[in-house]
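A.B. asks: These are the residues of each chain, in order.
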Amino acid sequence: MNRMNMLLAQEQTRAEVLADDPLWLVLLKAVVLFAFGVVMTLFMINWERKVVGRMQHRPGPNRNGPGGWLQSLADGLKLAFKEEVIPTSADRKVYWMAPVISTIPAFTAFSVIPWGPEVSIFGERTYLQLVDLPVGALVVLAAAAIGVYGIVLGGWASGSPYPLLGALRSAAQVISYEIAMGFAIVSVVLYAQSLSTGDIVDAQRNGWFALLLLPSFIIYVVSMVGETNRAPFDLPEAESELVGGFHTEYSSLKFALFFLAEYVNMVVVSAFATTLFLGGYMAPWPLSAIGDGVLNTGWWPLIWFIAKMLLFLFVYIWLRGTLPRLRYDQFMRLGWKVLVPISLGWFVIVAGIRAIRTDGGVSTTQILIVGAVAIVIIVLLSLLIPEKQVAEDANKIPVTGSGYPVPPMDLQVPTKPRRKVSAGKSATRSELTGSTTGKEADDGNV
Amino acid sequence: MSAVLAQAVTLAQGGEVSTGEAVAFWILGPAAVAGALGMILARNAVHSALWLVLTMLSLAMIYLTQRATFLGFTQIIVYTGAIMMLFLFVLMLAGRDSSDSVVEVLRGQRLAAGLLGIGLAVLVVTLLGRSLTDTQIAAPLDPYSPEGGGAGGLGRLIFGDFLFPFELSAALLIVAAVGAMLLSHSGGKKTKKTQRELVEERFRGQHDRPSPLPGPGVFATANSVATPALLPDGSVAPESLSRIIDSAAAEEFRDEIREVSGTGPEADAHALITPAEGAEAPGGEGTDGQRADSEGDKA
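Each protein sequence line maps, in turn, to chains Z and S.
At position 182 of the first sequence the residue is numbered 182 (UniProt numbering), and the sequence of numbers has no breaks.
At position 299 of the second sequence the residue is numbered 299 (UniProt numbering), and the sequence of numbers has no breaks.
Example chain S residues on the side facing chain Z (calculated, C-beta under 10 angstroms, incomplete):
1) Q75
2) I76
3) G81
4) L91
When the alpha-carbon atoms are kept at most 25 angstroms apart in a straight line, the in silico DSS-like pairs for lysine-lysine are as follows:
5) S:K192 / Z:K337
6) Z:K93 / Z:K82
7) Z:K337 / S:K193
8) Z:K78 / Z:K50
Worth flagging that the hints you see were computed from the coordinates, not collected in a lab.
Cβ coordinates follow ideal geometry from the N, Cα and C atoms, glycine included.
Chain Z on its own, in the form it takes in the complex (with noise of 0.2 angstroms):
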């Protein structure tokens, strides 16, 4: 009987086993998820304290709890008992909502992330994943997209400038970093011909998509810290510049639940990036060689799939404590001038290479060899183009290092005229005008 289920398991695929899960289960998993989005915050905001402080050069928060992990937590209590203050020219409704639009789907997406392979809770059979949709990856664009509605709506509902502003970069950053982000998923999509995270994860098998689709990874990477509003990307807080930006005027519970949001965001955006190009939960190469992929099942994975989000995370913190801000318009041209066309057309080449791969029967090795063909002969063909004449300048004037004409190698340097017997004369009229003149007058006589 025991055999016979795991034979039908076997023709299960993720989909069907997820959606056979019992109520119960269902519910323990998302509130599992949703105890990990809280607790991943509170150690976020410690573990970033701590790591600035050390870039910095100082401890960072170390009073409260063991070695000061518990600040964040005393911090969070704190900010829940604060008065709250809400502005008399606020749109009192938009400005209740806005949090919460915030914060409900940045744990929404959690729930398509898959955190490991196949594992037996309390006997039941299951995937380490709330939901495996067919288009699991569009519910975290989908997320985001809503996400930024909070920080918008939060800016323009407060009824003063400085939110507003915020708002209105949210708003334009969001629109130009989607586009970038997206494209790069797009190319993961074509790869992995599926939109489901689950099946992104089971097509890096073979090798990560960071490795294969170099370009989208990067690219990915860059976006989404400009679209979860982080340093160096974090304009719509822009404290030096915005105050807070769009949580200016927000307090209390509010506040906490913007910071709840961009934290859980953080969290989101890196565990899609470590599905999306990292494995997923697959083990590194080293370790998944040993014991044949043991430790690729079970509850192991997990270690790796959180693993490589904290290095995620990390990168998070390490940008914040050594880049500065970028001006706006700077950010608009990384976005609109740089990262879109590249996305574009790094994009039509993936799309160039799979079309030929699915259609044409060609092989891997066949690709190579055409394209190493084709690098040779433009190699050569550069060869040919004639150099390009640099017409000579006869004014131009060679320049040092630092700026300065460098002295031609015949430099005459003319010899100073020799002084009058009268000299004396004039150095006392000098002295008598004032000493300033005194160097115009030589130069005069030069």
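Chain S: place on chain Z using the hints.
C.D. replies: Then chain S, alone, in the frame of chain Z:
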């Protein structure tokens, strides 16, 4: 094990509506209609946009219950995520208090709009009537297979059977985008003026004043941006107020500004001149906003 899925499939094939779907519909349908009504009836433009977002999200959810997951999430990403965000962006730029003008600019616009609206309503009602009586129910979708309602099947249709309409709409969108860019940049090629040219223009009187604007609160008792700078004679330097803050708060603080600048009715200790003289001070009340605006553009 897959009994749940199988049941759903058989139910869909039978053309019946399952309880879950019915519950979802009776929640989402009224929400969508309420959103549409709210969009029309809301006074505030941003509220209007938010009601529309509610309609779009409800529609997306209805798609999801119809097992068209790809369509549903695309609806959320494209319409709510990108297009409505652009709408909101423009509405916020327009300002929170701006309202529609009720003056009719085009002649007979209301008549034409009314006729077309009635025509559209008739069209929709007849279509709806036909769909209720003689329409074949489409085969149930299986989003997990590429041939079903998933992204694969949709892609095959768009890039196969409907390639020409798809390319046509793409061309239309590109033409619109390029046209918008062309119109917004039609002011000729503007090169940025150098500092020297700006200085020369300033001293030739092409700007309002040769010096830069006074910083906010520089001569005042506080260094808040909302505090106006005072000129040496004790009057308010109108240019020292930020344009944004001016539009938001200048109205409220008008009396205070009057009082501080000495243009109010009472004698003021700050003013070194009499109230009567203060009223004739350069940059009177009427032109304040205008001057601040023009300065802001040039700065």
